[in-house]
Structure formats: C-alpha cells, structure tokens
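There are 2 protein chains.
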Amino acid sequence: MFLPNAREVLDRKIAMARSYGFTPVSPGDLTVPETETRHLRGLAISAINESLMTSADLIIANLTPFRGVSADVGTVFELGFMCARGCPAFAFSNSSENHFERVSDLYGGNVQLGPDGRHRGPDGMALENFDMTENLMLDGGIAVRNGAIMTRRVAPGQLFLDLTAFEDCLKLAAEKLLKPAIRA
Amino acid sequence: MFLPNAREVLDRKIAMARSYGFTPVSPGDLTVPETETRHLRGLAISAINESLMTSADLIIANLTPFRGVSADVGTVFELGFMCARGCPAFAFSNSSENHFERVSDLYGGNVQLGPDGRHRGPDGMALENFDMTENLMLDGGIAVRNGAIMTRRVAPGQLFLDLTAFEDCLKLAAEKLLKPAIRA
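In the order they appear, the protein sequences are chains A and B.
Residues in the first sequence are numbered from 150 upward in steps of one, following my numbering.
Residues in the second sequence are numbered from 150 upward in steps of one, following my numbering.
By construction, these hints were calculated from the structure, which means they are not laboratory data.
C-beta atoms are modelled at their ideal positions from N, C-alpha and C, and glycine is treated no differently.
You may find that some hints are simply not true.
What the hints assert, rightly or not - For lysine to aspartate or glutamate, the following DMTMM-like pairs were computed, each having C-alpha atoms within a straight-line distance of at most 25 Å: (1) 325(B) with 206(B); (2) 325(B) with 183(A); (3) 162(B) with 206(B); (4) 320(B) with 157(B); (5) 162(B) with 265(A); (6) 162(A) with 157(B).
Stated by the list, open to error - Covered, in the sense of this in silico footprint (three residues per stretch, anywhere, with C-beta under 8 Å from a C-beta of chain B), are these stretches of chain A: (7) 150 to 157; (8) 237 to 244; (9) 269 to 276; (10) 290 to 302.
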C-alpha cells in the first residue's frame, strides 16, 4: 500500500491469487471509518487489518527489503501474527542477497569475526550468519510451518513491482494446500 | 542479543523484570542443540524462541530503531506473534522521533504531500502519518491489547543500553496486570 499505483498492483495480486484457487483478503476490502484524529485513523486501519488476518488461513508475505536492510515491519508483524495462528506461511523477496550479505553491505563490508565466533560491525553489533533470507525468526517461522521463501533478482526499478516470486509462492502454496479432488 | 555485552544487558533486564514480580523468559534459557549447518542452527534457535514465546503471557518489545528507520524485524515478528496469542503487549523505544519524522529524515526531508492526501518520498513511496511510534500494525496491535509504547530520548551511545524506558514498561505492566492481593 506504499506504492503510487498500490491499487493497481493489489488488483493484479488479487487476480493472480484467485487464478490459483485462493480467496484473497486485502487492504481496501473494508472501509475505514471516519475518525477525529490521524492517530485514531491508524488504529482503525490496524483493527481492519487484524480482522482480515483473523479471517485468513494462509499468508504470503512480501519480504523485499524496504527502506533499509530488512522487510517492512508492518508485513513482518503480520507474518508473526499468522505464524502464531498456526497458518501456513510463505514469503517472497525480490532481493537475492541473503541477510548476512545485506547487513555486511550496510557496514560497507567492515565486518570482523570475533573470538566468540560471531561477526560484528564497527558498532560492535553482531550479524546473524545462518544462510537465511531474513532474521532467523522469519525464516524459521516460515520453515516450521511447511512454507518457503521464494527469492528472485529483479531490475532495480522493478523491486516492488515484479510479481514473479509472488506467483512462485502461489504455485507452491496451491500444490501443498489445494490438492485436487480425485474423481471416483 | 546483538550487543557485545548482550549477556550482561540480558541479566540486568531479567533482574529488573523479577523485581517487578514477573518471571522472565529469554534467549539463553534453553541450550541450542548441535547442528550440521548454520541454517539448521538458525532454525533451532527460532524453534527455541517460539517455544519460549508460547510459554509467556506478556511481551515487552524493544522497538528502538535498529540498522535503519524501524525496529529489529526479529523483535517485530515476536510482537506480532504475541499479539495473535492475545497477550498484553508493551514496547519501548529509545528514540523519541515518531515514525513519520524518522522516514522523512531518511528521505532528507524531501517529502511531498500529494493530491491523494498522502505524503510521498522522491521514490513515490507513501509515508504513514498517524502520529505513531512505528508502522500502524505495531502501534495498533499494542494499543488494542491495552498496552503502551514508552519512548525516551537517550544519549546516542546509550541507544541500546539505557533501560529506563524498559523499566517504565515493567512499572506499567505490573500496575495493569499484577494487582496486589487484598488482605481480608
């Protein structure tokens, strides 16, 4: 919902999800009530998004790094929320660099392996180094729920527009979760 | 767990939580089993952290911006997880700038209000402007569970060490959740 053409991209994702047999829920399904303050408006949107999550059986989270080395925190909150509900969780990222590489890049490569066996930046902060796409809570939460993270390198201008990895998630989720009825 | 003196800070937080009447769980409570690969080790740590969360009744999340404009995504996953479990959720941040101010700073102040009523950076991406500490899913999830986000401006070198706002959360959580038994 951050994109200038958010509605258009959302409609494409909705159509794709339907084409794989899913019934998507998305922001915009419910109208945000009038509120007196910006803060109350934010709370109202949060309540709607939580109710949509509670109505859903599956999440496909966009973990493409957003304004920094990691995914959008709103999406990450939703991923944790759906994992706690015991739902199958899938994710995609249009960056093919792993978490360790991205944080190393943030430090300009100035990363040292310490005597405790952990890599640290010049600020002393440790880097996770688990061959994972994101922080281990995200990768781990998805893996333990039989999901997967599909990654793809896309052209820089397509970082938030290319839906190929999203479609890879739909394909995989349909294979795993929507078994065809077998004719007797 | 990213800090060079993580164990020491964790022990201080554990002692503080106990002093307010809580029984804290924390990384380090369970031993990570030996694994063959780094990836499997990451998964094992995730499984331990999830089991600790499932044993807990309350979260106090550290939302101090970490390596960018937003909180650590591992912590945010855990906040979403605990919110879905219906647990009271509290948070603290050692930055007193709100979300809109931090993202505006990231864009060097180059933020324009568009005809759709939304502020956007030069990349066209919208900024949330809800007088909130973080993305609305985080502030909203905490507010609806009767929690609060305690913020505090600290000296730059104390960003991840000052525990005053953490203690403010403990005080508030104890007031709200640990009512004293009344003598008959």
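Evaluated hints:
1. 325(B) with 206(B): It holds: about 13 Å lies between the C-alpha atoms, which stays within 25 Å.
2. 325(B) with 183(A): Violated: residue 325(B) and residue 183(A) sit about 30 Å apart, past 25 Å.
3. 162(B) with 206(B): 17 Å, holds
4. 320(B) with 157(B): 21 Å, holds
5. 162(B) with 265(A): 22 Å, holds
6. 162(A) with 157(B): Violated, at roughly 47 Å.
7. 150 to 157: holds (count 5)
8. 237 to 244: This one is violated; 0 residues, fewer than the three required, reach chain B with a Cβ under 8 Å.
9. 269 to 276: With 4 residues close enough to chain B, the hint holds.
10. 290 to 302: Coverage by chain B holds here, the residue count being 3 at a Cβ distance below 8 Å.
The structure fails hints 2, 6, 8 (numbered hints given earlier, in ascending order).
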